[in-house]
Amino acid sequence: DALPISSHKEAYGAEALFRLFSSFGQSKTYFSHFDLSQGSADLKRHGAKVLGALGEAASHLDNLDQALSKLSDLHAYNLRVDPANFQLLSHSIQVTLAAHFPADFTPEAQSAWDKFISAVSGVLTSKYR
Amino acid sequence: RSSDLKHPAPKAKMVHWTAEEKAAIHSVWKQVDVEKDGQETLSRVLITYPWTQRYFSSFGDLSNAAAICNNPKVKAHGKKVLAALGGAAQHLDNIKSTLAHLSELHADTLHVDPENFKLLGQCLVIVLARKLGAAFTPEVHGAWEKFVAVSCAALSKHYN
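Listed in order, the protein sequences are those of chains A and B.
Residue numbers for the first sequence follow this note's numbering, so the first one is 1 and each next one is one higher.
Residue numbers for the second sequence follow this note's numbering, so the first one is 1001 and each next one is one higher.
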């Protein structure tokens, strides 16, 4: 929560995605239309979008279903990303945070982030069937 | 039997490591503090995924993050776990046999759900990222995800 992420949404978002694609090749299958090279405009734009959505969700922790309703529809009816990938992206985001904020990414912080992104992922996959 | 000579058993598929992957694993491993990083890794597992505490009822006080981080049994066990992974890191071409006895132990004696190996692997990667920062590049990170995945597969081999 105290991490200065919002001003670096593009950089950290792009890095998290690039780490995801570098480590877990299966996740690339959803982005055949993207330039996936490190620091690409596509990764920066999309990374900012992902972290922005997480930031928005963070201010609606008591009402995630409503706050993420549109994104939930999008993932269920349009994107249909296999649920396993949310966990991989969560991990990649956490690795990015750990690398940039070693002092702040305490075990308690990791626990909170893991729980938070897991809750968001749950909402995004809630309308899958 | 003569038929064995005509049709030898196929060689087990070996994991292929590029030179870069081997270098990434070895250079990072040199910087690992088995005691400190092992303690932190296991602490993070027990804190982030509290249900994993089910295997450690004999460890004493695990009631909160501070208790876990200061627990001497957690420290000792974390060191043991990381040392075993270090063994695998020194035998990249032989991880399956290096970890075979531990696989049997976890399956038949300890009865640990193999899913837990993945959780520990994730926490180890996070510990390394904290420790190395920018030096934990996506490429180095990728090599370690592969190493962790191969180690988890080896540890899961003897379950059935």
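Since the hints were derived computationally from the structure, they do not count as laboratory data.
Keep in mind that the hints are not guaranteed to be accurate.
[Said to hold, decoys possible] Simulated crosslink set (SDA-like; lysine to any residue; CA at most 20 Å straight-line):
#1 Lys1131(B) / Ala103(A)
#2 Lys44(A) / Ala1065(B)
#3 Lys49(A) / Ser111(A)
#4 Lys115(A) / Ala1065(B)
#5 Lys1073(B) / Pro1050(B)
#6 Lys1030(B) / Leu1132(B)
#7 Lys1146(B) / Lys115(A)
#8 Lys1118(B) / Phe86(A)
#9 Lys1146(B) / Leu88(A)
#10 Lys28(A) / Lys1030(B)
#11 Lys49(A) / Leu88(A)
#12 Lys1075(B) / Lys44(A)
#13 Lys1131(B) / Glu1115(B)
#14 Lys115(A) / Leu1132(B)
#15 Lys1131(B) / Ala109(A)
#16 Lys115(A) / Ala1066(B)
#17 Lys1118(B) / Ser111(A)
#18 Lys1131(B) / Glu108(A)
#19 Lys115(A) / Lys1118(B)
[Unchecked claim] Just the calculated beta-carbon pair ranges, DEER-fashion:
#20 Tyr77(A) / Ser1057(B): 41 to 47 Å
#21 Glu1035(B) / Pro83(A): 34 to 40 Å
#22 Gly25(A) / Pro1114(B): 20 to 26 Å
Built from N, CA and C at the ideal position, the CB exists for glycine as well.
Okay, the hints, checked on the actual structure:
no.	hint	result
1	Lys1131(B) / Ala103(A)	holds, 10 Å
2	Lys44(A) / Ala1065(B)	violated, 35 Å
3	Lys49(A) / Ser111(A)	violated, 23 Å
4	Lys115(A) / Ala1065(B)	holds, 15 Å
5	Lys1073(B) / Pro1050(B)	holds, 16 Å
6	Lys1030(B) / Leu1132(B)	holds, 12 Å
7	Lys1146(B) / Lys115(A)	violated, 25 Å
8	Lys1118(B) / Phe86(A)	holds, 15 Å
9	Lys1146(B) / Leu88(A)	holds, 13 Å
10	Lys28(A) / Lys1030(B)	violated, 32 Å
11	Lys49(A) / Leu88(A)	holds, 17 Å
12	Lys1075(B) / Lys44(A)	violated, 40 Å
13	Lys1131(B) / Glu1115(B)	violated, 25 Å
14	Lys115(A) / Leu1132(B)	violated, 24 Å
15	Lys1131(B) / Ala109(A)	holds, 16 Å
16	Lys115(A) / Ala1066(B)	holds, 19 Å
17	Lys1118(B) / Ser111(A)	holds, 16 Å
18	Lys1131(B) / Glu108(A)	holds, 17 Å
19	Lys115(A) / Lys1118(B)	holds, 17 Å
20	Tyr77(A) / Ser1057(B): 41 to 47 Å	holds, 45 Å
21	Glu1035(B) / Pro83(A): 34 to 40 Å	holds, 37 Å
22	Gly25(A) / Pro1114(B): 20 to 26 Å	holds, 22 Å
Violated hints, listed in ascending order, are 2, 3, 7, 10, 12, 13, 14; each of the other numbered hints is respected by the structure.
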